[in-house]
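Residue numbers (our numbering), protein chains in the order written: chain A, 1 to 114; chain B, 1 to 113.
There could be a bad hint or two in this list.
Here are the computed lysine-lysine pairs in the BS3-like style, where the Cα-Cα straight-line distance is at most 25 Å [as the list claims (entries may be wrong)]:
#1 K70(B) / K57(B)
#2 K9(A) / K44(A)
#3 K100(B) / K56(B)
#4 K44(A) / K57(A)
#5 K59(B) / K44(A)
#6 K100(B) / K57(A)
#7 K70(B) / K100(B)
#8 K70(B) / K56(B)
#9 K100(B) / K44(A)
These are computed hints drawn from the structure, not numbers from a lab.
In this text the structure is predicted, and so the values were computed from the model without any measurement.
Chain by chain, the residues run as shown.
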Amino acid sequence: NAGVTQTPKFRILKIGQSMTLQCTQDMNHNYMYWYRQDPGMGLKLIYYSVGAGITDKGEVPNGYNVSRSTTEDFPLRLELAAPSQTSVYFCASRLVFRSSYEQYFGPGTRLTVT
Amino acid sequence: TQLLEQSPQFLSIQEGENLTVYCNSSSVFSSLQWYRQEPGEGPVLLVTVVTGGEVKKLKRLTFQFGDARKDSSLHITAAQPGDTGLYLCAGTSGGTSYGKLTFGQGTILTVHP
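All chains should be modelled from the sequences, with the hints used to inform the complete structure.
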């Protein structure tokens, strides 16, 4: 059971380039989330999904896109990268079951846009 | 927009000391979670509190949820170097929030031997 896996771990992009951050979970969790973490700012929600084919915006969605074609995968797409998108990106998943609130996080992708 | 204010932002103490981290909001949360994050890793859940006034203990860590469910605290007794890390509080609203978490800014704890 690998939990939540993210690739790549590190990436440097030039301004205007695009990339996809991959996220996969093998726990059969129905809810998945993308966060970004800036120094001293905690985590902010970018997008989330409550199941395959269903996604919605979080607090800071501008400049990002997501898709969820399977339960396991929830990729995050950056189009036209900007320096403001330099951050650490975390994917998380959650099993909706009674009072279970725990989110399981991946190890993160550190992205630098120069 | 719900906000969680976490304090202090930085805490540097000697091994054996006690400490308290606070998490405050003007909003009511249906649950409050505390996560710990090590460098280069994602946050890991320590505890969830859901009832106003609830107190939970995890070895030397004591978590409290305020009576009005607007604030929470984390108290560590006799801190050890292994407690060093980033501590994050996160709240979730009920209803159709889909478990979305609002995070505080985090507290960076350093425990010196």
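Violations among the numbered hints, reported as their numbers in ascending order:
Structure breaks hint 5 only.
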